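Q: Residue strings, one per chain:
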Amino acid sequence: MPKEVMRRTAADNPYLHKDFHGAMSCGIQYLHERFGAEAVREYLRRFTDAYHAPLKAALRQYGLPALAEYLDGIYEAEGAQYELAMTDDELVLRVQECPAISHMRSHGYAVADLWVETTRTVYAHLCEGSDFDFELQQYDPLSGASVQRFFRRQTP
Amino acid sequence: MISCTEFIPAYSELFRYLEERGGKQEVVAYWEYISDSFLHNLRQLVAEHGLRGCWMYWSHTLNEEAADFTMEIDDEAGEFRITMHQCPSRGLLNALEHMEPYHDYCGHCDVLYRRILEPMGFECFSDHSECDQARCVLIVRSHRHDTPSMG
Chain A
1 MPKEVMRRTA
11 ADNPYLHKDF
21 HGAMSCGIQY
31 LHERFGAEAV
41 REYLRRFTDA
51 YHAPLKAALR
61 QYGLPALAEY
71 LDGIYEAEGA
81 QYELAMTDDE
91 LVLRVQECPA
101 ISHMRSHGYA
111 VADLWVETTR
121 TVYAHLCEGS
131 DFDFELQQYD
141 PLSGASVQRF
151 FRRQTP
Chain B
1 MISCTEFIPA
11 YSELFRYLEE
21 RGGKQEVVAY
31 WEYISDSFLH
41 NLRQLVAEHG
51 LRGCWMYWSH
61 TLNEEAADFT
71 MEIDDEAGEF
81 RITMHQCPSR
91 GLLNALEHME
101 PYHDYCGHCD
111 VLYRRILEPM
121 GFECFSDHSE
131 CDQARCVLIV
141 RSHRHDTPSM
151 G
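These protein sequences, in sequence, are chains A and B.
Just so you know, we're using my numbering here: the first sequence kicks off at 1 and counts up by one.
Just so you know, we're using my numbering here: the second sequence kicks off at 1 and counts up by one.
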């Protein structure tokens, strides 16, 4: 076969490499087995502090609309089926099927035992230092279907 | 959920976390683990198609990652080459003003792919001298030749 050449620029393709979910899961499982469950949570809190610093600041400054914009962005990009309802004091996200778990299961990637922490730990830590808190009201580990609630903390 | 569009910063922070836990050797051990346990598709494609398996593997990943690259394969010469003009992963990290990339972020590529390809009889050459500017070169050769030109 003659020499072949493929030339691409960044503009030629959208940035959406879903196999990264499998790599993320691999990393979570590795940490879990090597250092234990608390290491997974500690790592995810550090990731949140580092990567989500601008979002944490926006949540403190603008409240839930900042979070809604972020969540819409990632779930839209992933092609998820979800509903988001918001008031001044509460944001509820209902995800019919986690797009990460869906991709991993359909492509034969193992789903880490503590995959749920990429939602529970990250979003709970995102809220620390703000007027809001987070609870994962429902979660199906098989599909990742979930009900996620961000709510304004009660002040005594 | 951590979106797949957020994976690269998460990956970089994982390297940093592992290094804090156990030094650079802990990071390299993790890279070897990923290579052994996650990159089955590269191993399988190369086992079935030889050097062309590299072309097939990276055709998929580099396009999905929206990379700016030139990829070449010369079956007669037994050479596969990726010239990365703008690595999407390193480029993304460089663009995040509030985060520092892990100091040897790009080191994982060399470990991951060399560990698969060399035991299968290929030689790997990489030039990471400009990786902090998101540029690098990977060359895979199917049999022994003189060291290839990186230019």
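Any given hint might turn out to be false.
[To be verified] With a straight-line Cα cutoff of 25 Å, these simulated SDA-like cross-link-like pairs (lysine to any residue) come out:
(1) B:24 to B:142
(2) B:24 to B:125
(3) A:3 to B:114
(4) B:24 to A:38
(5) A:56 to B:79
(6) A:3 to B:75
(7) A:56 to A:34
(8) A:56 to A:3
(9) B:24 to B:79
(10) A:56 to A:45
(11) A:56 to A:105
(12) A:56 to B:24
(13) A:3 to B:50
(14) A:3 to B:34
(15) B:24 to A:69
(16) B:24 to B:130
(17) B:24 to B:96
(18) A:3 to B:139
(19) B:24 to B:143
(20) B:24 to A:36
(21) B:24 to A:33
(22) A:56 to A:33
(23) A:3 to A:19
(24) A:56 to B:128
(25) A:56 to B:120
[To be verified] What the simulated footprint calls covered on chain B by chain A, stretch by stretch (three residues with Cβ under 8 Å from a Cβ of chain A suffice, anywhere in the stretch; the number is not a length):
(26) 4-12
(27) 61-73
(28) 114-124
Honestly, the hints are just simulated from the structure, not real lab data.
Here the structure is a predicted model, which means the values were calculated and not measured.
Where a beta carbon is used, it is the ideal one built from N, C-alpha and C, also for glycine.
Q: Given that the segment 114-124 of chain B was listed as covered by chain A, double-check it with a C-beta distance under 8 Å for 3 or more residues.
A: violated (count 0)
Q: Residue 56 of chain A and residue 128 of chain B were given as a pair; does the straight-line alpha-carbon distance stay at or below 25 Å?
A: violated (34 Å)
Q: Is the hinted pair residue 24 of chain B and residue 142 of chain B satisfied, with a Cα-Cα distance of at most 25 Å?
A: violated (31 Å)
Q: Mind checking, does the segment 4-12 of chain B have 3 or more residues with a CB under 8 Å from chain A?
A: Answer holds; 8 residues pass the 8 Å Cβ test.
Q: Take a quick look at whether residue 24 of chain B and residue 96 of chain B sit within 25 Å of each other, Cα to Cα.
A: holds (24 Å)
Q: Below or equal to 25 Å on CA atoms is what counts here, so check residue 24 of chain B against residue 69 of chain A.
A: violated (38 Å)
Q: Given the hinted pair residue 24 of chain B and residue 33 of chain A, is their Cα-Cα distance within 25 Å?
A: Holds - the C-alpha atoms of residue 33 of chain A and residue 24 of chain B are around 19 Å apart, at most 25 Å.
Q: With the threshold set at 25 Å, check whether the alpha-carbon distance from residue 24 of chain B to residue 38 of chain A stays at or below it.
A: holds (21 Å)
Q: Does the structure keep residue 3 of chain A and residue 114 of chain B at a Cα separation of 25 Å or less?
A: holds (23 Å)
Q: Does residue 56 of chain A pair with residue 79 of chain B here, judged by a C-alpha cut-off of 25 Å?
A: Not OK: residue 56 of chain A and residue 79 of chain B at ~48 Å, beyond 25 Å, violated.
Q: For the pair supplied as a hint, residue 3 of chain A and residue 75 of chain B, is the alpha-carbon distance within the 25 Å limit?
A: Distance ~7 Å between residue 3 of chain A and residue 75 of chain B Cα, so the pair holds.
Q: Can you take a look at whether the segment 61-73 of chain B is actually covered by chain A? Rule is 3+ residues, C-beta closer than 8 Å.
A: The restraint on the segment 61-73 of chain B holds, since 13 of its residues have a Cβ under 8 Å from chain A and three suffice.
Hint check: violations occur at hints 1, 5, 7, 8, 9, 11, 12, 14, 15, 19, 22, 23, 24, 25 and 28; the rest are consistent with the structure.
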